[in-house]
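Peer 1: Residue numbers (the numbering used here), protein chains in the order written: chain Z, 89 to 434; chain S, 89 to 434.
Misleading hints may appear alongside valid ones.
Since copy identity is lost for identical chains, a pair holds within one copy or between any two.
Here are the simulated lysine-lysine pairs, DSS-like style, with alpha carbons at most 25 Å apart [unchecked claim]: (1) LYS414 / LYS328; (2) LYS425 / LYS332; (3) LYS121 / LYS131; (4) LYS339 / LYS246; (5) LYS378 / LYS425; (6) LYS327 / LYS215; (7) LYS425 / LYS184; (8) LYS121 / LYS425; (9) LYS184 / LYS131; (10) LYS392 / LYS425; (11) LYS332 / LYS392.
Hints listed in this document are in silico derivations from the structure and should not be mistaken for laboratory results. All of these numbers come straight from a predicted model, not from anything done at the bench.
Protein chains: 2
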Amino acid sequence: MMRKVSIATVLVLVSSHAIANDDLMMAAKQLFKPIPSAIPAVKDNPVTTEKAELGKMLFFDPRLSASGIISCNTCHNLGTGGVDAGPTSVGHGWQKGARRAPTVYNAVFNVAQFWDGRAPDLKAQAKGPVQASVEMNATPDHVTSTLNSMADYVAKFKQAFPRDTPPVTFDNFAKALEAFEATLTTPAAPFDQYLNGDANALNDQQKAGLRLFMDKGCASCHNAINIGGQDFFPFGVIKKPDIKLLPAADKGRFAVTTAPSDQYVFRVAPLRNVALRAPYFHSGQVWTLKEAVGIMSEVQLGAKLSETENNDIVAFLNSLSGCLPKIEYPILPTRTKETPPPSLSR
Amino acid sequence: MMRKVSIATVLVLVSSHAIANDDLMMAAKQLFKPIPSAIPAVKDNPVTTEKAELGKMLFFDPRLSASGIISCNTCHNLGTGGVDAGPTSVGHGWQKGARRAPTVYNAVFNVAQFWDGRAPDLKAQAKGPVQASVEMNATPDHVTSTLNSMADYVAKFKQAFPRDTPPVTFDNFAKALEAFEATLTTPAAPFDQYLNGDANALNDQQKAGLRLFMDKGCASCHNAINIGGQDFFPFGVIKKPDIKLLPAADKGRFAVTTAPSDQYVFRVAPLRNVALRAPYFHSGQVWTLKEAVGIMSEVQLGAKLSETENNDIVAFLNSLSGCLPKIEYPILPTRTKETPPPSLSR
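Just chain Z, same shape as in the assembly:
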């Protein structure tokens, strides 16, 4: 209930006056923040080079899964916007997951992780998929046994966690992943340049789209540094989305809080690099940004956009694609006879 009030309040604040041309940048600066060029700090987990480098290895290491063929990067592919091909992810035993993989890029800026926000941060998130039977299907013991079987990994854990005995723990595995993922920010999108004062960083259509994004009320939920990712709202504030987009069985945040008001509530999708990440929504059934924008305006705002308005908003969303970090593909430690062999069984 409080959430609905807060939507309404922000809607009023944003929409109550048409934003004048000259004030557009100022209004945008009130609602959004550019991605910093420096790597952000992470709570209770200082991001060191050693930790991030180790985390990169873990991120790409399929041997941490039971089968030996699924790594974090399988579903959060850094070459394709930090997500997989969709619609929803495929994991151990060719099982189909219920939801689309969220992107790891800029995930560090989200208020919580997963579509339902059930993990407060990336170190908590990192422990999920590796253990999920439908994803990597491993156990903490499989992870630490695998890592301890390779002296190069043990040495790198010692470097990354010099005060910890033993250095190789499931907690430190998660912390190293969080440290790497904190480096996966994508600064310098045209919209960041605009927020940093370059009025020419957006073209006229993108500015029109930005204005609409604020005027129509999109920015009520999609705001701050990640243009989303900061709060939780129902999918279908005004109108229930088609059941294909909002399957009845997945009640979203309700599974986390069991609060009736949290039925079909999800974390607001962060829109950074959204143009790289079709298909859209947690169900992954919408393959173009244009269609996604049309659906959102209808079900969240009760507004039917004109063709021009829709195109303008899409043009603005295209300005959210930033510079992806250069990643050197890691050479992983060599397995030993102590390394647990792959297991394909379900």
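Here the structure of chain Z is known, so what remains is to put chain S in place on it, guided by the hints.
Peer 2: Relative to the frame of chain Z, chain S by itself:
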């Protein structure tokens, strides 16, 4: 039949005299060649930067598979010696392949590709797994439709194949992959440095192992630049290996030539970076190099190695690990509404 004669001849040549300490390097230079520091030329397919860069993108792009989650790198993982976790590869629909993935590193130096040598070169090889129903399960049309749906790919094919109209063809897809794979050489292993004249590049145990490798007859088959990969021989020259290692149904090169003498004949395994690539043999059932060396000496040479001999040969094999190329993980073109959606069905 000719092959057995040739084994015998080489065995005699290699084993008929114990190799004196001083002559070890000279003898090695007769049988083996160092990996060149330059990228090797490829027949009918000049390796240009544009082609190799494009090939790298294709190598890492899972959207070329029917499911959208399997890339070349899934089974030929560049982070783990160019192979997967084994024993044999897992592909579309969680199907288990019959054989272990061969490494892509230095594959350009092999006389032919696949365990049975059914592809004469890497451009022919590249067309196999992408179409195999048990691997990527795609079609040439899926590949070209996917590539043509993304303007960035079309532009890169134009740059890589400036004279071809249209530039995006299944042949050029394979040629770009071959060009990238030609760059996957691993020079400067201790053994290369030794072959290039640095007597101290191998330690005493490795030199003892090298001597045994030649004296015992291993080098009869495992020779030249890839320490193998140049010819075809039966697995079990002297003694039939255990059925677990040599499953009866897989008759190797016989399926290619239908010559009775080719039953259970395979391409000699190239031993470059072999220490990185457990489990061993086409069946992937042997998890340590030590055990693999013991098996090979028994079934191929009829020799029972002492513990010291076995350890020395393993030490020599460890000197075959070279410098892996640095690979920047490619950012792939963004899918469009024309890109074929993933299909998980079998």
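Peer 1: Determine for every hint whether it applies to the structure shown.
Peer 2: To see whether the hints hold, each was checked on the structure:
1. LYS414 / LYS328: neither (41 Å within a copy, 50 Å between copies)
2. LYS425 / LYS332: between (47 Å within a copy, 19 Å between copies)
3. LYS121 / LYS131: Within one copy, since 20 Å is at most 25 Å while 54 Å is not.
4. LYS339 / LYS246: neither (42 Å within a copy, 48 Å between copies)
5. LYS378 / LYS425: between (52 Å within a copy, 10 Å between copies)
6. LYS327 / LYS215: neither (35 Å within a copy, 49 Å between copies)
7. LYS425 / LYS184: between (32 Å within a copy, 22 Å between copies)
8. LYS121 / LYS425: Neither: 50 Å inside a copy, 30 Å across copies.
9. LYS184 / LYS131: neither (33 Å within a copy, 43 Å between copies)
10. LYS392 / LYS425: between (62 Å within a copy, 22 Å between copies)
11. LYS332 / LYS392: within (20 Å within a copy, 65 Å between copies)
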